[in-house]
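Q: Start from the sequences, fold in the hints, and give me the full structure.
Letter by letter, the chains look like this.
2 protein chains.
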Amino acid sequence: MDYNKRSSVSTVPNAAPIRVGFIGLSSFKGWAVKTHYPAILQLSSQFQITALYNPDIESALNTIQHLKLSNATAFPSLESFASSADVDMIVLSIQVAQNYDVLIPLLEYSKKNPNLKYLFVEWALACSVQQAETIYKAAAQRGLQTIISLQGRKSPYILRAKELISEGYIGDINSIEIAGNGGWYGYERPQKSPSYIFELGKGVDLVTTAFGHTIDLLQYMTGSYFSRINSMIFNNIPEQEVIDEHGVRTGQKVPKTVPDHLLFQGTLLKGNVPVSCSFKGGKPTKKFTKNLVIDIHGTKGDLKLEGDAGFAEISNLVLYYSGVRANDYPVANGQAGYDAGKEIMEVYHLRNYNAVNGNIFRLYQSIADFHYNTKQIPNLPSQFIMQGFEFEGFPTLMDALILHRLVDNVYRSNILGSTLDVTNICHYP
Amino acid sequence: MDYNKRSSVSTVPNAAPIRVGFIGLSSFKGWAVKTHYPAILQLSSQFQITALYNPDIESALNTIQHLKLSNATAFPSLESFASSADVDMIVLSIQVAQNYDVLIPLLEYSKKNPNLKYLFVEWALACSVQQAETIYKAAAQRGLQTIISLQGRKSPYILRAKELISEGYIGDINSIEIAGNGGWYGYERPQKSPSYIFELGKGVDLVTTAFGHTIDLLQYMTGSYFSRINSMIFNNIPEQEVIDEHGVRTGQKVPKTVPDHLLFQGTLLKGNVPVSCSFKGGKPTKKFTKNLVIDIHGTKGDLKLEGDAGFAEISNLVLYYSGVRANDYPVANGQAGYDAGKEIMEVYHLRNYNAVNGNIFRLYQSIADFHYNTKQIPNLPSQFIMQGFEFEGFPTLMDALILHRLVDNVYRSNILGSTLDVTNICHYP
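Chains as they are written, first to last, in the working numbering: chain L, 501 to 929; chain P, 501 to 929.
Ranges between beta-carbon positions, derived for each pair:
(1) E667(P) x V754(L): 26 to 34 Å
(2) N924(P) x V748(L): 41 to 49 Å
(3) P690(P) x Q542(L): 51 to 59 Å
(4) H746(L) x K770(P): 29 to 37 Å
(5) K770(P) x P605(L): 48 to 56 Å
(6) H927(L) x S695(P): 42 to 50 Å
(7) Q542(L) x P755(P): 54 to 62 Å
(8) L700(L) x M845(P): 36 to 44 Å
(9) G771(L) x Q752(P): 18 to 26 Å
(10) G771(L) x L541(P): 44 to 52 Å
(11) G530(P) x M845(L): 35 to 43 Å
(12) E843(P) x R749(L): 17 to 25 Å
It is worth saying that the hints were derived from the structure and are not from the lab.
Here a beta-carbon is modelled for each residue, glycine too, at the ideal position from N, C-alpha and C.
A: Rendered as structure tokens:
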């Protein structure tokens with residue numbers, strides 16, 4: 501498990517930390533303080549928050565105080581934040597629907613900061629493939645090394661599965677089935693849920709988020725994009741019942757425009773592999789199956805990934821493997837034989853792994869590994885356009901753009917009632 | 501479980517048995533002697549074989565002798581067989597590819613037999629929807645009550661699931677996933693397998709047979725046809741390796757033209773329910789899942805059907821149910837309360853049920869129930885065109901024709917690369 505081994509980043513002595521300018525970090529609520537912040541805190545020799553942007557300066561100052569960010573300056577102006585030379589990496593973690601309007605001017609203003617090297621944006625990057633492409637191009641022209649939070653690629657389960665597949669432990673893949681259940685697009689809406697996650701076009705929905713993350717992981721594990729896809733998208737629950745914090749119905753009903761079910765089927769480019777996929781909202785009553793199941797069948801074995809929640813990128817998973825040993829290893833006790841072809845089985849589960857934090861933490865770790873060249877990879881480029889299906893590195897805005905094109909085709913296939921050829925979406929713009 | 505209760509047909513006294521003229525019964529090999537024959541033997545007061553058609557008269561006489569069919573006459577001529585007034589029901593159990601050429605003249609000749617009332621044909625009836633329609637019309641014009649061997653509709657598991665669904669035990673269905681694995685379309689071909697089952701157009705293939713039976717059962721259980729469908733059909737194994745009776749490779753390779761994988765997704769007319777379906781050949785290495793899994797999710801509960809083989813109509817299954825009690829039943833011990841809404845769970849499995857025989861046996865039983873009106877259904881019609889989604893009765897050539905139209909659209913969707921509207925295929929010709 502070479503690719504799963506602990507990063508050696510903490511052993512780099514006396515290196516200057518990467519200075520982080522953060523947009524969207526609040527000590528009071530939200531994703532960033534739960535995930536990015538603990539990752540940065542744990543990697544304090546490698547990352548240091550030096551700037552916070554918030555039009556509400558009081559809020560930024562409060563966050564600095566509460567989180568004891570002694571090296572951070574609060575900026576109420578995007579221009580001054582983006583121009584500050586004390587920032588090596590900008591992290592953007594706000595509502596997806598606002599990304600475009602922040603990023604385009606940000607990238608322009610940032611030309612005044614000669615030290616800026618990294619731009620880290622949350623998936624889904626933008627609300628449409630057109631916006632995503634414009635952002636991608638602006639960041640490329642600005643010469644930044646980009647990072648997208650398709651953090652499931654750093655999940656130990658996904659990497660272990662990818663390793664087993666790439667080393668031939670299940671032979672040739674011949675069939676894949678995925679079923680996911682994300683309860684939050686269902687019959688009931690918790691009172692405290694923000695309404696934008698139920699409005700189509702806000703960049704957060706079953707197709708873009710739940711399916712997007714998961715299908716990215718499938719492509720990453722198998723090392724293949726799709727050649728043909730078909731989809732059917734449903735909004736069978738156009739009205740949700742509001743429930744209070746105790747799960748009791750309030751009697752209030754609210755409209756929902758995002759889909760609650762996606763049927764997707766397609767063919768992987770590599771090996772013409774059939775992939776069947778059903779993603780649903782609704783009530784996860786599922787008593788006889790987990791909320792996330794990914795079955796990958798091969799000519800020599802099977803892989804199964806299971807999770808309690810339908811979101812592969814933030815769930816702690818269990819990986820089951822059954823098949824034959826692909827490589828020759830010397831057998832123990834001085835025997836001369838080798839055990840290639842032997843039937844083996846493996847259950848891989850880290851009982852206390854917090855996937856919500858853990859995958860983001862490992863993404864930060866891989867940024868540090870890249871920055872300090874900790875793994876001493878020969879001929880490491882100073883920049884790379886996309887991670888693609890490499891074990892090392894991290895997903896970039898190009899990876900995000902390719903995924904956006906797939907999501908766009910999923911929506912188009914449903915509208916057109918056609919099976920679409922998507923062979924070309926993995927090419928550069 | 502009203503619909504699952506034992507037929508009371510054996511209590512009918514002194515009724516004349518239905519006289520059966522059989523095409524395709526051989527004492528030496530084949531499906532008929534393993535399934536139809538024991539059913540008729542067990543129901544000997546209701547059915548009696550009186551005629552066998554076989555152009556090879558010696559073979560027919562041998563079968564009569566070996567099976568001790570003391571009332572049967574051997575006919576080497578189709579015309580004399582079809583004209584014989586000693587036959588009330590003709591059963592056709594031969595290779596599907598030969599059905600059309602036998603049935604069309606048979607139905608014409610049979611006009612000389614005033615007693616003929618029933619025609620029982622094996623699924624898939626014919627090799628194409630056009631042939632199926634011609635046969636359907638000829639049988640309808642001849643005025644026969646037809647039966648098709650979609651015998652899974654008589655499976656106790658399917659009927660129990662249908663009952664639970666129709667009585668509201670899982671609420672409204674909101675999602676269905678099906679995965680089936682039929683090993684025989686895979687990498688290896690047993691030496692003794694007839695080659696016609698690997699040739700496209702012979703009426704026996706993954707789509708027509710494995711998927712056809714299973715999707716018929718899904719429609720039957722849910723009480724709904726499809727409105728939209730999409731499919732992708734694969735022949736990823738165009739060449740098979742021949743294995744001998746010990747499973748050892750002979751080194752011989754043979755071409756295969758039938759598909760080895762079907763991706764199917766669609767929407768049920770009733771409730772706009774998304775259905776995801778993956779049917780595969782290949783090696784059933786599947787360690788972490790059964791070869792047949794049907795998951796039916798509802799707003800109030802879940803049903804799961806599992807089988808060891810990917811063929812729902814001939815597999816002994818296990819039915820899992822979890823949900824809430826739909827109806828009010830008086831609670832035991834004289835309590836005044838009722839227990840509607842109570843959470844319940846059920847595992848339904850008949851350990852010694854032989855599904856290969858059993859479902860065919862129950863199909864014969866239902867023919868007898870109809871013929872003798874054993875269940876004393878008021879206003880029983882003397883004939884019916886189709887079973888549709890009724891519990892009672894049995895599937896007919898009209899049910900078969902509708903299923904053929906679906907299979908035809910599955911093949912067309914793949915060729916056209918389109919999602920197809922199939923709302924109208926359940927209508928009469």
